[in-house]
Structure formats: C-alpha cells, structure tokens
Amino acid sequence: MSTANHAGAGFHHAHHFDSAEHQYESSKQGIWLFLVTEILMFGGLFVGYSIYHSLYPQIFHAGSKQLSVTLGALNTVVLLFSSFTMALGINYVQRGLRNKAIIALAVTIACAGIFMVVKYFEYTHKFHVGTVPGKYAYEEELSPSGEKVTRVGALLAEASKLSVEEREHKLHLDETEYEHLTLLNNTKNWPLFFGFYFVMSGIHGLHVLAGAFLIFWVLLKVIRNKVGPEYYTPVEGVGLFWHVVDLIWIYLFPLLYLVG
Amino acid sequence: MAHDQHNYLNHQKGIWSWLTTLDHKRIGIMYFIAIMSFFFLGGVFALLVRAELFTPGKTLFSADVYNRMMTYHGAIMVFMVIVPGIPAIFGNFVLPIMIGAKDVAFPRLNLMSWYMLMIGAAITGSTLFMQNVDTGWTFYTPYSSIKTGMGVIPMVLGVFIIGFSSILTGLNFIVTTHKLRAPGMTMTRIPLMVWALYSTAILQVLATPVLAITLLLLIAEKTLGVGIFDPQLGGDPVLFQHFFWFYSHPAVYIMILPAMGVVSELVATFSRKTIFGYTAIAYSSLAIAGVSFLVWGHHMFVSGQSEFAGVLFSFITMLVGVPTAIKLFNWIATMYKGSIRLDSPMLFAIGFMFLFTIGGLTGVYLASTGIDIHFHDTYFVVAHFHYVMVGGTLMALMGALIYWFPKVTGKLYNDTIGRISWVFIFSGFNVTFFPQFILGNMGMPRRYYDYLPTFTELNQMSTFGSWLIGTGFLVGFFGVIFALLKGKEAGMNPFGGKTLEWTIPSPPPHENFDKTPVLTGGPYEYR
Chain A
1 MSTANHAGAG FHHAHHFDSA EHQYESSKQG IWLFLVTEIL MFGGLFVGYS IYHSLYPQIF
61 HAGSKQLSVT LGALNTVVLL FSSFTMALGI NYVQRGLRNK AIIALAVTIA CAGIFMVVKY
121 FEYTHKFHVG TVPGKYAYEE ELSPSGEKVT RVGALLAEAS KLSVEEREHK LHLDETEYEH
181 LTLLNNTKNW PLFFGFYFVM SGIHGLHVLA GAFLIFWVLL KVIRNKVGPE YYTPVEGVGL
241 FWHVVDLIWI YLFPLLYLVG
Chain B
1 MAHDQHNYLN HQKGIWSWLT TLDHKRIGIM YFIAIMSFFF LGGVFALLVR AELFTPGKTL
61 FSADVYNRMM TYHGAIMVFM VIVPGIPAIF GNFVLPIMIG AKDVAFPRLN LMSWYMLMIG
121 AAITGSTLFM QNVDTGWTFY TPYSSIKTGM GVIPMVLGVF IIGFSSILTG LNFIVTTHKL
181 RAPGMTMTRI PLMVWALYST AILQVLATPV LAITLLLLIA EKTLGVGIFD PQLGGDPVLF
241 QHFFWFYSHP AVYIMILPAM GVVSELVATF SRKTIFGYTA IAYSSLAIAG VSFLVWGHHM
301 FVSGQSEFAG VLFSFITMLV GVPTAIKLFN WIATMYKGSI RLDSPMLFAI GFMFLFTIGG
361 LTGVYLASTG IDIHFHDTYF VVAHFHYVMV GGTLMALMGA LIYWFPKVTG KLYNDTIGRI
421 SWVFIFSGFN VTFFPQFILG NMGMPRRYYD YLPTFTELNQ MSTFGSWLIG TGFLVGFFGV
481 IFALLKGKEA GMNPFGGKTL EWTIPSPPPH ENFDKTPVLT GGPYEYR
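Protein sequences appear in the order of chains A and B. Everything in the first sequence is counted per full-length UniProt numbering, starting at 1 for the first residue and increasing by one. Everything in the second sequence is counted per full-length UniProt numbering, starting at 1 for the first residue and increasing by one.
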C-alpha cells in the first residue's frame, strides 16, 4: 500500500493530504487531542485525590510528611530542565542543527533516567519502612515479643529501643522521619494515602518511561536524517507529550509532597 | 468480481493485504466481520440467559453459570458491539467519502485501532476459559474488587484496551472532519451522518479516558488493595460508580448518536425530500454530547447522594430529551408530504423511531427521582435500556447495513429478505421487552437468576420474543450471504441518495475519488 509518497530527501506527505503543511497541521491537531485524553485520565485521579483529601485531611497530612520533599523537589527541577532541553532539541531540529539537536535530546533522555533513579530510591525506601499501599501495609507479621504488628509497627518498636545514632545507622531512620512515622502509625487508614501516592506517581512514572522511549525514537530519526527543517512533526509531537508529562508532575509534586 | 473496473476490493489481493491495509474502506469491512462475530457470541449468551429465565428456579444451568453468561452478554454487547458498532464499521467506510476525502487523517492509527479492539477482545474473551467473571458488565465495587475471583483483572484490562481503540478512532474522525473536507464542504454542508459521528467522536475522546483510569484503579484495588474503593481501608465503593457512570452515561450517546446519524440519512433519502431543519439536527447532536456529561448522577438516585444532587441530576437528565425530540420531530417533518418509499432500510429507520421513542419516554419515568425509587434495578430498567440501545442502535445498524451494502460490495441486498428480517426483529423486540416493563412495574428485580411464579407467563413471552429476534438477525445474516452470492448489480446510486458516496462507483475505487469533488450546495437537495 503506497499511502506515503516518498518524494525528495525522505520528507514526504501522505496521498490524502494536499501538502506537507496540511499533513503537519492535521498531525498536530491529533497530538493535541491525544494529550487532552491524557490530562482527562489523570483528571480522574485528581478528582479522587481531592475527595479523599477533604474527607481525611489527617491521613494526607501524616502521609505527605513521610515523603522526601528534597527528592521530590530534585525531580521537579530535573523534569523542568528536561522540558527546556526538549524545547531546545525541537528548535535545533527545525533549524537543521543536527549535532546540537542530538545533544539536547540525549540530555533529555538522561534527565528522564535521573528522574527514574530518584524514584527508585524513593520507592525502595518506602518498601523498606513499610509505607506501602493498602493490603500490603496491613499485612501483619510476628514481632520478636510475639505480638502481631504491621511492618511500620515492627520498625517503630525496634527503633524505640535504640538510640538516635543507632537508628540512623542500623535502620536508616533519622529523627524527623522517626517522628513522622510515629505520627503516621497513629493515624487510622494511613495506607490510603500511599495508595494514591503509588498509583499517581506510578502511572506518571510509566509515562516518563514511555516519553524517554519516544524521545529515543526521534533521536534515532535525527541521527538517520529522517527529520529536519522541512519535516519535524514527530519531534514536535513527542516534545508536546514530554511537556505534558512534566506538567502533570508539576501538579503531582505539590499535591503529594507539599499540600499535606 | 464481475467488475472490470479497478476498485478497492481488487486493488490488492490476499489475506495479508487485508491485515496490513491502510484503506479506511477495507478497515471498515474488517470491523464488520469482527464486530458481527462478537455480536453473534453476545446474542447466543442473550438467548441462553432468556432460556434460563423461561421457568422460575433452575431451568438449564446453575445460578453461577447464569451470572457469568449475563456478565458476558452485557460486556460483549456494550464494549465490543454497540459502542464500536456503527462508528467503526460504517463511520470508517462512509465518513471520509461523505466529506470528499481520500482516507481518514491517520490511516495507520486507524489500522492500529482495529488491532487494539482485537487484542482487547482476545484478552477479555480469554477469561471465558480461565476464570469466569460474574460481576455484571458494570464491574461494581466492592463485589468486583473484594469478593469475586482474579478473572476480573484480564477482563477489565481487555476493556481498557478496547477503550483505547475507541479513543483513537474518535481522535481520527475529529481530525478527519476538521482537516480533510473537500473544497466547498463547509461544516454546514457536511451530511448529518458526519455530524453525528463527529459528536460521537468528541464523546469518545472526552469520556473514555475516565473509564480508563477507573479500570486502572480497579486493577490497582484488586492487586494492591490501594483502598480507594474498599470501605475497610477507608475507601468508598460509590466513588467507583461516579467514575464509571461519568464514562458510561456518555457512552450511551456514543451508542445512539451514530444511529441517529444513520436515521437522518435514511429518512432524507427514502422520503425524497430535503431534510427538515438541517442545522437543528446537526447542533442537537452536539447538544446531546454536551449534556450527556452532566447526567451520570441519575444512575445513583438510590446511592445516598444528596437530595439536591438528585433533583439537579433529574432535571438535567430530562433536558437530554429536548435535543432528542428536536431530531425526532425533524425526521417526522421531513417525512411529511415526502414521497416515502418503504424499502427495508426505511422500515428499519421507522422501527428505530418507534422503539427509540418508547425507550426515551420510559427514560423520563426513570429520570424522575420519586418514580425511579420504585423502578430502580427492576426489569423496567432492563426494558428501557434495551429499547434505547438495542431497539435504537441495532435497528439503525441493520438499516445502515442494507443501505450501504450496495456501495460497499457493488451488490444489492434483497429487499424482501430485508423486510422479513425487519418483521421478525421489530415484532421480536416488542414481544421480548414490552413484557419486561410490566414485570418491572410488578417488582421483578433485574439480574436475578430466580423469580416468583407470578412472573412466569410474562417471562415466557419475553423468552419467546428473544427467539423471534434471533431468527430476525439470522435472516438478516442470510441476506448478506445471499446478496454476496446472488445479489443484483447495484450501480452507482440504487436508492437515489444525494450525499457524496453515491456519486462514485460501487464498489468505490481505491482512492475514493478520481477527481477531488467541489461542493456548491448542501446535502439532501431533493426539492
């Protein structure tokens, strides 16, 4: 099927469009519509979040104290910077500055990598202390003294026997975190917050991975000279997607880390 | 193929050329084959469910099996037949031709939508052989999240993927309608079918993402126990219903708007008259799409929402009747003093108006909070939504099938077979579902396996009606086979239609138009 009429140096428009410009405008409209659906999908989560936040302010207060604002802020900066490099990348492709475009896109992918590494540390720490969603947080185990406790409960029981330095050293718990965990442990239904945290940041994380993959795909296109000043629709489309992924994080960060 | 001319059917040959095709016409046919297979499956489940209800107590199988069959009947019919039905099959085929385009805006995405429907259907269907699902097609929490087995996860995942297919089709149609219209084809000159599909596409793009996140949350609830829907963990199962109906109520209009588009075409063509109130019909599609987002609360009158919310939702729900009535009155005004030809597509269009009106009027009962408390979750509701969705959408689907069949294949569908099919389906619907209004009013609850002996006669009547419907669709299917084998040559315009698809050969050439058409007037200019 010859839907794509290849003409010239690899820049083409499909047979059902009048011109390359016509195809570009149509594609752009399609991408924007797709982004609308992304925002609506996260919209459902935001609605759920705000309902439960107003129902149980104490859960969200105790829960968000447990998140590391430093790491969250670091990731915000990383993503904002990556948006900047993505925009630069599009600009360079449009101007035909191939090498600069390659660098800009590669840096964007690296930023996505940094974001995911930071997320990895955040997640593993939560698995370590037991602040996990729903039924796993309530899973009970036997403490050394023979009573049934949750993971967080067991950790706190052990920490209460140790000095501040030993907690830091053995359990990777500093004093503020110990206090916050105690506050959390005394709050009824606190795993609900971590349900939201993991679902929202998890789906966002999947979008970061998808975005990194897509940027890699357009990076290959730049390297192979498949895109340039005459045809840059894929680069711009992926760029728009990436900006939306950033935008969603810019909402997630205050909602999860700061509002509580 | 008796045709010497080059067309989209003989443009390329072999099964592979179909599976990789980017031609919207071929993709439409692939949707037809797939969706009709699902329809057959869903129909068999329906007949079995009705057969089980022939007598009170156990008739054929256990309550467990009954629950599962009811679930699959609903899920298959809603997500795989009625929602994608008319837009995916006939929308794909006629939308680009009707606006004078060579293809949809994104042909690859179009093919991908078809594959996503296939993958989703396969995952959903696979649960039939693994762990059967017995939640009903609505997957209400907490039953779906806590009580029933893990089969819900693949089922819901499949529906999620099908939803994606729906979003992509809608997105494609919107951009096609915006960007690919032929010169002179202004937005007020596009056929009403295109207006209907366009409004449907807006709904698909705006509502389906909410279903997507709801289903993802259900999966998260089931695997991680995140607590959003589980009251034991602080959640609220009713939130699921709010999310679910925020999609699924607009989805009702995803089902019915394309059917209304079909009926507009049929009424104009077979009345030989300019459609009455073109702009009113066109904008009422948009109005229905808009209002549909604000009415989900009428599914929740008895869920304990505030009285104020109940009154508000009741009012807005009744508001949907206004644009719907505008359409109906305009169709009737079109028929008034028209030269009506009662060919089988027109019979189906009239059947649509008849059944949909009954469905719509009983909807007013259900929209009234006080009366709804009596009718809630009874067979009255079952009868109502079958009249609307099935009587409406499937009537239009059959009408569309016979109407565009000559264009798609170049062969005429035998009108007598079409009429026989119509008699069976139309009478069958009324025999099946009218008794259910009475059953509901008498208090028979929906979804139940068993019922009081008092309800036996009406249930038997209903089951008998289901056989009539089944026969009607079998006759309709036989008509397709008969037309393919023995159908007469159709020619370019067998029904005297005025829209663009009737100006090109049947079957259409590969690129639809040899020369891009230039429009100088609106559609339906009969007299």
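Hints were generated in silico from the structure; no laboratory data involved. Heads up, a few of these hints could be off.
[As the list claims (entries may be wrong)] Cβ-to-Cβ under 7 Å is the rule here; a few derived chain A residues that face chain B:
hint: 1; residue: Met41
hint: 2; residue: Gly44
hint: 3; residue: Thr70
hint: 4; residue: Leu71
hint: 5; residue: Ala73
hint: 6; residue: Val77
hint: 7; residue: Val78
hint: 8; residue: His172
hint: 9; residue: Thr176
hint: 10; residue: Asn185
hint: 11; residue: Val199
hint: 12; residue: Gly228
hint: 13; residue: Pro229
[To be verified] Selected chain A positions facing chain B (in silico; Cβ < 7 Å):
hint: 14; residue: Gly134
hint: 15; residue: Lys135
hint: 16; residue: Ala157
hint: 17; residue: Gly195
hint: 18; residue: Leu258
These numbers come from a predicted model, not from an experiment. Cβ atoms here follow ideal geometry from the backbone N, Cα and C, with glycine treated the same way.
Hints, one by one, checked against the model:
1. For A/Met41, the interface hint holds, the least distance from its beta-carbon to any beta-carbon of chain B being 4 Å, beneath 7 Å.
2. With a least beta-carbon distance of about 4 Å to chain B, the hint placing A/Gly44 at the interface is held under the 7 Å criterion.
3. For A/Thr70, the suggested interface contact is broken, since its CB lies about 26 Å from the closest CB of chain B, more than 7 Å.
4. Below 7 Å, beta-carbon pairs count as interface contacts, and A/Leu71 has none with chain B, the closest being about 22 Å; its hint is therefore violated.
5. Because the beta carbon of A/Ala73 sits about 25 Å from the nearest beta carbon in chain B, more than 7 Å, this interface hint is broken.
6. At a threshold of 7 Å, the smallest CB-CB gap from A/Val77 to chain B is about 28 Å, leaving the interface hint violated.
7. About 26 Å separates the beta-carbon of A/Val78 from the nearest beta-carbon of chain B, more than 7 Å, and the hint is not met.
8. Hint status for A/His172: violated, given a least beta-carbon distance of 24 Å to chain B, over 7 Å.
9. Taking 7 Å as the C-beta cut-off, the interface hint given for A/Thr176 is violated, the closest approach to chain B being about 25 Å.
10. Annotation: A/Asn185 was flagged as interfacial toward chain B, and the flag is violated, the nearest CB pair being 15 Å apart, outside 7 Å.
11. Taken as an interface hint, A/Val199 checks out: its beta carbon lies about 5 Å from the nearest beta carbon of chain B, inside 7 Å.
12. Of the supplied interface hints, the one on A/Gly228 is violated, with its beta-carbon coming no nearer than about 22 Å to a beta-carbon of chain B, more than 7 Å.
13. The interface hint given for A/Pro229 is violated, since its Cβ lies 23 Å from the closest Cβ of chain B, which is over the 7 Å cut-off.
14. Against a cut-off of 7 Å between C-beta atoms, the interface hint on A/Gly134 holds, since the closest Cβ of chain B lies about 3 Å away.
15. Checking A/Lys135 against chain B: minimum C-beta separation of about 3 Å stays under 7 Å; hint holds.
16. This hint is violated: A/Ala157 has a C-beta 23 Å from the nearest C-beta of chain B, more than the 7 Å allowed.
17. About 3 Å separates the beta-carbon of A/Gly195 from the nearest beta-carbon of chain B, less than 7 Å, and the hint is met.
18. A least Cβ separation of about 22 Å between A/Leu258 and chain B goes past the 7 Å threshold, and the interface hint is therefore violated.
The structure is inconsistent with the numbered hints 3, 4, 5, 6, 7, 8, 9, 10, 12, 13, 16 and 18, although it conforms to all the rest.
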